[in-house]
Amino acid sequence: KAGVTQTPRYLIKTRGQQVTLSCSPISGHRSVSWYQQTPGQGLQFLFEYFSETQRNKGNFPGRFSGRQFSNSRSEMNVSTLELGDSALYLCASSPDGTGGNYGYTFGSGTRLTIV
Amino acid sequence: AQSVAQPEDQVNVAEGNPLTVKCTYSVSGNPYLFWYVQYPNRGLQFLLKYITGDNLVKGSYGFEAEFNKSQTSFHLKKPSALVSDSALYFCAVRRLGSGNTGKLIFGQGTTLQVKP
Numbered sequence: 002k003a004g005v006t007q008t009p010r011y012l013i014k015t016r017g018q019q020v021t022l023s024c025s026p027i028s029g030h031r032s033v034s035w036y037q038q039t040p041g042q043g044l045q046f047l048f049e050y051f052s053e054t055q056r057n058k059g060n061f062p063g064r065f066s067g068r069q070f071s072n073s074r075s076e077m078n079v080s081t082l083e084l085g086d087s088a089l090y091l092c093a094s095s096p097d098g099t100g101g102n103y104g105y106t107f108g109s110g111t112r113l114t115i116v
Numbered sequence: 006a007q008s009v010a011q012p013e014d015q016v017n018v019a020e021g022n023p024l025t026v027k028c029t030y031s032v033s034g035n036p037y038l039f040w041y042v043q044y045p046n047r048g049l050q051f052l053l054k055y056i057t058g059d060n061l062v063k064g065s066y067g068f069e070a071e072f073n074k075s076q077t078s079f080h081l082k083k084p085s086a087l088v089s090d091s092a093l094y095f096c097a098v099r100r101l102g103s104g105n106t107g108k109l110i111f112g113q114g115t116t117l118q119v120k121p
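The listed protein sequences correspond, in order, to chains A and B. According to our numbering, the first sequence holds residues 2 to 116 in order. According to our numbering, the second sequence holds residues 6 to 121 in order.
For reference, chain A alone in the conformation it holds in the complex (with noise of 0.2 Å):
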C-alpha cells in the first residue's frame, strides 16, 4: 500500500512570491492535515480538509490556504512568502480525520527555505 506522498521534497523561493506544495494521501483516507514544523514554534497545526471541505484551521494567517480535490489530494498555498515562512511542511492522512482505528500516517514533508 503506498504510502503519503509529499511533492516537492525542497523548495527555494524568494520573499514576496507564492508557492503551492501537494499531499496524495494514501488511497481511501478522506482527511488531510498539514503541519508546520520549525526549531522555534515545533510542530504547528495548519488546517485539515476532509471530503474536499475545510473542517478544522490553526492560528495562521490568510497568506495560507489550501484545498483539497475529489480524489482526496490537497495542496497548500502560500502567498506573499515571508523568511519565517521558511519550515517543513507535513501532511498527515487518515480515514475520518479522528485518529482513532488507524492513527494519522505522515508524509515526508516539503523542505522550504525562503531567501
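Just to be clear, a hint being listed does not mean it is correct.
To be verified - Label pairs and their calculated CB-CB ranges:
| no. | chain 1 | residue 1 | chain 2 | residue 2 | range |
| --- | --- | --- | --- | --- | --- |
| 1 | B | Thr116 | A | Thr6 | 20 to 30 Å |
| 2 | A | Thr15 | B | Ser89 | 16 to 26 Å |
| 3 | A | Glu83 | B | Ser89 | 31 to 41 Å |
| 4 | A | Ser80 | B | Pro23 | 42 to 52 Å |
Stated by the list, open to error - Here's a subset of chain B near chain A, in silico, CB distances under 8 Å, partners left out:
| no. | residue |
| --- | --- |
| 5 | Tyr66 |
| 6 | Arg99 |
| 7 | Asn105 |
| 8 | Lys108 |
I should point out that these hints are in silico values taken from the structure, not numbers from a laboratory. Each residue gets a CB set at the ideal place from its N, CA and C atoms; glycine is no exception.
We have chain A already, so just place chain B on it with the hints.
Leaving out everything else, chain B in the frame of chain A:
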C-alpha cells in the same frame, strides 16, 4: 490552554539499558494520545497510540507507553535501547470533538541519544 509537555530536551541512555521519554498533557476531556519518531530530514513515523482500554500500550519497534490518567502522563518506554533508536520523539494529543478532527497538539520533542 491545551498543551503537551515533554520536560526533557534530550535523553541519553546506553545501548541495552531501558529508556523512558516523558510526556504530560493538559487537555480537557479524554484525548487520544500518540507517540511519533522523526529521523533527520524525514516525516513522522507512528509508534503507538492510546484511545481507551489498557493503560499499557504496545507499539512498533519494541516501544510501549504507559497512560496515567491521574497524572495526565503518557511516558514512552523501551526495555532495551538500540543505537538505531537515536532520533527525535514527539508526544501528541488529539482532543475529542468534531472541532478537533485531524488536529494534533504536539510536544516540543525529545532527542533520544543511545550510545554504544
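Hints breached by this structure: 2 and 5
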